[in-house]
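Undergrad: Given next are the chains, with one letter for each unit.
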Amino acid sequence: MSTRRRARLAIASLTGPAYLWLMLTIFVPLGAMLLFSFLTVAPMGGREAEFTLKHYGAYLDKGFYVDLTWSSLRLGIDVTLWCVMLGYPAALALARHVPGRWREAIFLLIVLPFWSNTLVRVFSWTIVLRNGGFLDQLVHFVAPDAPALDILYSYPATVIGLVHSFVPYLILTCYLSLQAIDESLIEAARSLGASSLTTFRRVILPLSLPGLLAGMILIFVPVIGSFMEPRILGGTSGMMLGTVIEDQFTTVFNWPLGAALSYILLAIVLLVMIAAYPLLKRQLAGLEGGVA
Amino acid sequence: MGVSRMARRPLIAALALGAAIVGPGGVAYAEGTVRVLNWQGYGTDEPWAMQLFEERTGIEVENDYFTSEQEMLTKLRTSPGIYDVVLVNSSFTGDAAREGLIQPIDPAKITNWDNLTPSFRDNAMLNIDGKVMGVAWLWGVTSFAYNTDKLAARPESIEILWDPAYQGRIGWRDDAVEAVQLAAIATGQDMNNPTNMDAIKEKLRSLKGQIATYWSSEDEWNKLLAGDAFDVSVYWSGSAARSKKAFGLPVEFVIPKEGVIAWLDGLSIATGAPNPDGAHAFIDFMDSADFYVKWDTDVGAPASANNDAMAQLPADAFNRVAFADPTVGERLQFMGPIPDDRRQQYLDLWSEI
Amino acid sequence: MTVGSRLAQVFLALILVFLYLPIVVMTVMAFNRSPLYELPIVWDTIWFTSLVGNDRLLTASGNSLMIAIANTVIATILGTMAALAFARFKFRGRTLLRLLLLPAITIPWLIIGTAMLVLFFWTGIGRGLHAILLGHVALSLPYVIVVVGARLTSFGIVLEEASASLGANPWQTFWRVSFPVMAPGIIAAGLFAFAVSFDQFVISYFLAPPGVSTLPVEIYTAIRKGFTPEVNAISAIIILVSMGMMLLVARLYRFGGER
Chain X
0 MSTRRRARLA IASLTGPAYL WLMLTIFVPL GAMLLFSFLT VAPMGGREAE
50 FTLKHYGAYL DKGFYVDLTW SSLRLGIDVT LWCVMLGYPA ALALARHVPG
100 RWREAIFLLI VLPFWSNTLV RVFSWTIVLR NGGFLDQLVH FVAPDAPALD
150 ILYSYPATVI GLVHSFVPYL ILTCYLSLQA IDESLIEAAR SLGASSLTTF
200 RRVILPLSLP GLLAGMILIF VPVIGSFMEP RILGGTSGMM LGTVIEDQFT
250 TVFNWPLGAA LSYILLAIVL LVMIAAYPLL KRQLAGLEGG VA
Chain E
0 MGVSRMARRP LIAALALGAA IVGPGGVAYA EGTVRVLNWQ GYGTDEPWAM
50 QLFEERTGIE VENDYFTSEQ EMLTKLRTSP GIYDVVLVNS SFTGDAAREG
100 LIQPIDPAKI TNWDNLTPSF RDNAMLNIDG KVMGVAWLWG VTSFAYNTDK
150 LAARPESIEI LWDPAYQGRI GWRDDAVEAV QLAAIATGQD MNNPTNMDAI
200 KEKLRSLKGQ IATYWSSEDE WNKLLAGDAF DVSVYWSGSA ARSKKAFGLP
250 VEFVIPKEGV IAWLDGLSIA TGAPNPDGAH AFIDFMDSAD FYVKWDTDVG
300 APASANNDAM AQLPADAFNR VAFADPTVGE RLQFMGPIPD DRRQQYLDLW
350 SEI
Chain P
0 MTVGSRLAQV FLALILVFLY LPIVVMTVMA FNRSPLYELP IVWDTIWFTS
50 LVGNDRLLTA SGNSLMIAIA NTVIATILGT MAALAFARFK FRGRTLLRLL
100 LLPAITIPWL IIGTAMLVLF FWTGIGRGLH AILLGHVALS LPYVIVVVGA
150 RLTSFGIVLE EASASLGANP WQTFWRVSFP VMAPGIIAAG LFAFAVSFDQ
200 FVISYFLAPP GVSTLPVEIY TAIRKGFTPE VNAISAIIIL VSMGMMLLVA
250 RLYRFGGER
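Chains as they are written, first to last, in numbering that gives the first Met the number 0: chain X, 0 to 291; chain E, 0 to 352; chain P, 0 to 258.
Honestly, the hints are just simulated from the structure, not real lab data.
Among the clues, some could well be false.
Straight-line alpha carbon distances no greater than 35 Å define the calculated DSBU-like cross-link-like pairs of lysine-lysine that follow [claimed, not checked]:
id, chain 1, residue 1, chain 2, residue 2
1, E, Lys108, E, Lys293
2, X, Lys61, P, Lys224
3, P, Lys224, E, Lys243
For clarity, every value in this text was computed on a predicted model and none was experimentally measured.
Pulled out of the complex, with its shape left as it was, chain X reads as follows (with noise of 0.2 Å):
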């Protein structure tokens, strides 16, 4: 056997198997739930499937499926806002303002949690903000006279729970890059005469920015497809195309219908990723030879 022969031997058996496997479950599934939107419903159960677009039409026809798509993009802009106005901060705090024996603590306490389980994490939301939890009576021991809080139940609440999920993604990148910054170049800056705020912006800032905006892809993606968080956070704003798109799946039985949700949310996430790609390269390149 040749050796080249031997190499490609060597390389289908050491590859094989986990690509087999992500065949399996990540893209013959999204094939096959690809063809069940355009099908008139589900193939199961003795039921007759014609071909059909009109899960699609649906979908431009009728306002409301558009109102959901801007709500979910909507949450998934103010958690990534407030995450970076939260979680750049405190990643630029424990970068330069937290002495070193510290630093490595604080850093482990931040992404402790993310260990967690996210569920628990949401569930306990609950309780804190509920009328007469903690929140409010906290509230209302300094300030008696205050109206009761209401948050739980509201758009503020399902934000307060995904920041509170998402944003030690934040910190970690950010910390991660703002780290790798040559602190003799800060100080080539300062003895150059910048003021800290000119250091930051020129020079701080845009070293940053790679993980920063990583950062922000691995927040804005799975929180426009959240659907667990408005459900149990959410109440009447809860509404969001990701549980209507549970519904269709769990509740309505109506799988070509979610489906072809599934899909639009796809393609949203698909073009998102695209704008963001130039931006992202040197992330990526990072990943392709290996960042620990």
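Given chain X, put chains E and P in place with the hints provided.
TA: Then chains E and P, alone, in the frame of chain X:
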């Protein structure tokens, strides 16, 4: 192979002995498990009842829940051969039967059959093509309940739900059919056959600012009330009784002057049920006076379809008092089956609002 | 220390409060007697005691643990194999294969979960623990490949070539040279795979048939259809155990130790 045959003999003897000991119980009753699909907190999952049933029959009860009739149907569709007993509201029994999701029930195996109120038992919605597709179990009404700590006077009109004084303080269930039917009652129409859909749409649209939150299960309702999320909320009569009795919440249920939605719940057996005998036994148990009287007295329940059971309730029980008033009977509008196109119309209307 | 630094530290402290507040409140409420979470707190451990009799939650926890362990083993082995191929061979289609890892990471789980439901249900693979395991491994594989790959590229091919030139066969080279160097990466990847699976809700939710569930699925169903503070009790246990485990690992490895 001689040795192994010899070795097997004591085993067979032991098995035979075991069978002899277990025998009587094992043969007389369908043992195993009965898997029930129902609303959470709706009788079948009362721990004492599950224990009592197991003691009597050796059958263990497992509960799974749904939060809407649509979800119930979808669970039956996607999980054939999993459920034994399923709670089907009589207005859905026809749909479920036509789709082949439930199977005929043998009334001979229901010992309480003769005690059931004939108008419920023989109801055309439960008896399809001469077959019993659902056994009448409970009936009650959907209207609203209020927090007695917040409202000094008992509201007698359904208009309280639209009262600006309670803007943002109303609880509602996210169910298109129920919403349309309540609006039909509020606008003085026949809820099973509303003619003025525009009026209903207008009525529901003006509801929007009123609603504080939607609820989807009884447990959620209780937590919302305890958490002061609403003052007045759409609710079910049996559940209101439970909230008051079992959870000690300050709740009163109202049968408003405009009328209420009345419903009849039946128990059905799923197609391909793994344990049909157990399912019959469980349905019979659920319809027994033993179960119902304790349930209503200790926990709170809607009215039973079993005459005998109703007669054994204490004279002051809500279910005897509330419906004893003859004018209440006139205010009940029983929910009929809803054709698919009309249901779709309701769904569209509700999602547009 | 400057005022700016002080301010920065205060801000960081507030973020930590935000991150830990709900977890602490939820844990405290596990010790409150009221089933409707009414305040003031009446201290009691009944919810922990009644948890012992809650077969549903305990079975679901067992399932979660079992799947997470199986997932860790399968994903780590398959992922390490693929990472080896990427690190040690230059071949056509390599970039394409790497790009194919992206969908599993970037497509919202809702879409992947419903797509799996459609295919598995349609083809008769069906739902159940086996289907959930299939899904979890798919989500974990890309992480394992990236994490192990990073470790592999960082120590380079030199050692292996040296080993081969000294006459070791590929098998010996793998176990004596490559594996020991890869080990920290493999352990990190395994931990990642475990966490991905143990935390995974969406995929499990769509692939769990009635009567079978994992812990997150059981908690979600409970939140939507009725629950008692037993959910708080099990959540508190899980949070303490998983955080404790991570702290232990971080201590052993000095977090991100091989950086």
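Undergrad: Now tell me, hint by hint, if it's right for this structure.
TA: Each hint tested on the structure:
1. E:Lys108 to E:Lys293: Holds, because 23 Å separates the two Cα atoms, which is no more than 35 Å.
2. X:Lys61 to P:Lys224: Holds, because 31 Å separates the two Cα atoms, which is no more than 35 Å.
3. P:Lys224 to E:Lys243: This hinted pair holds, its Cα atoms lying about 19 Å apart.
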